[in-house]
Structure formats: structure tokens, C-alpha cells
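So you can see what is in the structure, the chains are spelled out below.
2 protein chains.
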Amino acid sequence: MAQWTYINNEMVPESDAKLHFRDLAFSRGYGAFDFLRVKEGYPLFVKEHLGRLMSSAQQLRLPLPPLTELAKKLQALIEKNELKEGGIRLTITGGYSQDGYTPSDPNLVISVHTFQPPSSEQEKKGIVLISHEYQRQLPHIKSIDYLTPIWLQPMLREKQGDDLLYHFKGKISECPRSNFFVVTRNRTILTPADGMLPGITRQRVLRLAGKKFTTAESTINREDIFNAEEAFITSTTRGILPVCRIDDHPINTGPVTLELRALLEADTRSYVSEQK
Amino acid sequence: MAQWTYINNEMVPESDAKLHFRDLAFSRGYGAFDFLRVKEGYPLFVKEHLGRLMSSAQQLRLPLPPLTELAKKLQALIEKNELKEGGIRLTITGGYSQDGYTPSDPNLVISVHTFQPPSSEQEKKGIVLISHEYQRQLPHIKSIDYLTPIWLQPMLREKQGDDLLYHFKGKISECPRSNFFVVTRNRTILTPADGMLPGITRQRVLRLAGKKFTTAESTINREDIFNAEEAFITSTTRGILPVCRIDDHPINTGPVTLELRALLEADTRSYVSEQK
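As they're listed, the protein sequences go chains U and C.
No gaps in the numbering here: position 6 of the first sequence is 845 in the numbering used here, and each next residue is one more.
No gaps in the numbering here: position 153 of the second sequence is 992 in the numbering used here, and each next residue is one more.
Mixed in with the good hints, there may be bad ones.
Note: identical chains are not told apart, hence a pair may lie in one copy or across any two.
Said to hold, decoys possible - Pairs of lysine-lysine, DSS-like flavour, derived with a Cα cap of 27 angstroms:
#: 1; residue 1: LYS923; residue 2: LYS963
#: 2; residue 1: LYS857; residue 2: LYS919
#: 3; residue 1: LYS963; residue 2: LYS998
#: 4; residue 1: LYS923; residue 2: LYS878
#: 5; residue 1: LYS878; residue 2: LYS911
#: 6; residue 1: LYS1008; residue 2: LYS964
#: 7; residue 1: LYS963; residue 2: LYS1051
#: 8; residue 1: LYS912; residue 2: LYS857
#: 9; residue 1: LYS857; residue 2: LYS1050
#: 10; residue 1: LYS1115; residue 2: LYS886
Quick caveat, the hints were computed from the structure, so don't treat them as lab data.
With the sequences and hints as input, model every part of the structure.
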């Protein structure tokens, strides 16, 4: 099936979806994006994702079209591509800069993506995180900067890790593309309060978990993770995944994570039902 | 005059020089570049710039064509564009990634640029630097990541600064697009040894200065700069520029900087003469 992509106001075949090399995203890494999941043809949590894109764009001082227009474009793209399951990425860039440094009129790309859901083994056994001292620049912005984690991929493979876990000045922040939670021994659910991207799934999990458990956004020190009863990550593409090891330290994949995972799946199904 | 650009092995008109949005430079900020100056039709310090590009690309594990082929392409582009004065940028990217994260066959863009030489006022009076706590990720690589300094431009204008000066854990590293030097009271010329890009002009200035002054690549603490006799920056596009103020602290623009500037200009003229 031929895929279609929005470049600004024009829907073009995927193969024609190109930007000029003078765009600041390409030449200076200046841009932001958001990524949402499409399930049964419905884009999930559109309001939250578009709201975060707006926040990222505003912080980078890149004007976006109105949210209603973005939502219409999303819908048109889903229909044109007959997309049932997959993802949509909205990327806003620094535009074609005259001097190669000063942002100009932004370019907006809305594109359709497939993504690999977690394997059933990962869902059951959990994933391995390798800790790495790093603080993402402008962490509240979902910028296009993934230089360090991509550069670290061979190290990750060598250590047989599935993903990185960033810490800085002794504090845990996030994984490159997901948020991090621990379940303490008294079943309190903690996630870092600062230095990380405010994840849409993170927010949803906090709300769902709060109905049954004590939850807190708070500092998680590096030592704390080794005393955790359970640990898990949250993301748009992976939902909730248990963590079974951080560096050399095994962690139990336990009942709280499984329960939250079931709650999140039910919540997602109910979101889709409401759209129908 | 129509400009021409290389996209991989094809020379195309500037207006057609586009890359697909799935390139990792665009989607994940994964890429490196180098920039060299063209004077009287000759590319300056080609060997050094191509050598550094090779180093950046190797560190990012992006295969480059052989240096002889790159040099030939540079030459062909200069001739086709009848370029006498200006700049050439070579950008190597993470390529069209299948999964949006893993680097693939890189794309190579070689493009012609104009740049604004420093104003005679800046040359005479010097520039104002505003210090900012920041450590560039992978600082030895000339990556395309300029997210933070571009984001900080309004702050810089507000403080009436010309450029940023990065420091981290109390140590000075570099400016976003240039290296930093101080001249101490006993006329020793110092530049940071680590945490910064190994600049081509920096290396050249160290060599030229070493003929007459004591020079050292060493730690420069933040306090040291306020005791400096003189300070200056070096870059491909700006040569040597005196610094007249760092934050609220005025610095004399003195004779050593002017002497080094004259030495660098003579050295550049002699490089061009040798090519003729």
C-alpha cells in the first residue's frame, strides 16, 4: 500500500516526502516531535499528544498551526492511509534558515509509522536496563536529539541490555524513549519528578495507579533502585514493561507491575470504545 | 548564479537538494559535519578538515567515501559554482533508518555557503561572551547538535552578548562554534585541553603562537578568566576575534591577540600562495 505523508499543507506520497538540507533540523538538530499510537483506526490520547507537541514547539519558539487543524490533518492522514494499527509522528523543525543558525518558518511533517510492539518474552520476563550518567538537554521538550543514546547502542548490545537508564548527579531521570518507575517495598509507586520528559503514558499510569496505590513524583536516587521491589518503564509504543535487571542487579518482575499493566490495557480499550 | 550541491554522488541544483524525512539526521539529530572556508577559490586546510570529518564519522560509525574522493568532489563543486569566497559544508547523516533509530547507509551532502565575516567593529573592539553552564555531548565530534545554543539566542540578545562561553563543573570548555583562549599576565597562551571540539584554527593558532610565546592546553577554571590579561576566540569563519567582556567583567583587548591575529592572517595568505 502506498503511504502518504503531510509536508506542511500538502499530502504527498511517502517517497516524495523530502525536506531541503538547509532545514535547521537537518543542519543543527533544531526541532521537536510527538508520536502517537493508532489502534483500530483511532489515534490514542490525541489531546494529550497534541498538547505536548504545542508545549515543545512553544518552548523552541516554533509556531504551530492551531490544534484543531492538526487534529484534522491527523484524521485525514489516517483515512488516506487506511491506517488501523501503527503510529503517527508529527515533527516541527527550525525551518530553512538563511544564516544556518537562526530559526525561520518551521516545516511540519506528519508521517505514518509502523512499530514493533514488545515481544511476549519481554512482557513476561521483563527488560534489562543499563545505567548511564547523562542528562538530556532541555528535558521537558520532546526534541529530536537522540545523539547519545544512538551512539551508545553498541555498548548496550555488548552488555546485553535492552535500554539505557539515565542518571545524573546521583539521581535517576528516564530512559531515552520511556519513563521509569519503581515500586517500593511498602508498595508505593514512584517516578522521577524532574529532568525527564513528561510522558503521556507516565501521566496516565500515575492517574490509574493512584486509585489503588500511593503514588509520588519524587527524587529517585541511584541507590534506591537497588532496593526496589519492582521496576517498570512506560511509553506510548510499549505501554508498561517490567524491568528484570538494572546493570548487574536483578529485580523481581512482580504483581504490582502486572496489575498496572492490566489497568492500562483496560483504560486504552475503554478510550477506543468511547471514540466509536 | 544558480548553486549546485552534492547529494551523495549526484551534483544537483541547490533547490533540488533534499533528503527524505526518514533520514536520522532529521528525525534523531544523528549526524556530523565539517565546514571549511574558500578563499580566492582555494579551500583552506582541506587535509585538516577532511581528517576531522573522518574522525567524527568514524566515532559515529558512519562510513565515509575515501578522502581522495571527497577532495575531488570539493574541487568539482568549487569549479561548478565558480566559488571564490565563501564556505563549504560536508554533512554525513545516519541515513534512512528502517526502525527510526538504527543508523543505515549514510547520506552525504556537500553544500556551498556564504558567511558573514566579523564586522570591523568586532575585530577592533572585541566581542562579548555570556558564560553558560553546559557540556556538549560527545564534544570531540563535530555533530549537528546545536539545540541548546540556538534555544539560548534570545537570552544572549537580552544580555547583549555576541556568543556563549560554556563551562561545566567549574571548567571552561568552548563557545558553541569556536574555541576559547586566554593570555595570562605572564603572557602564556592557554586553551582548554578537554571537553571541546579540536578546532582546526585552534590547532593552527597553537602552532603559530608557540613560535613566540609559551602555550599550553590545560584546564581553565571559571575564576581564571577574570584574571586574564586578554582573551580571544578562534574559528574557521572568524579567525581570531578579541573578547572584550565576559558576563559583567571587562577584558582588555590587547597586543598579544592582535599579534596572533596578524600571524594567522599571514599564515592563511601563505597557505593560499602555496596552492597557486
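Violated hints - listed by number, lowest first: 6, 9
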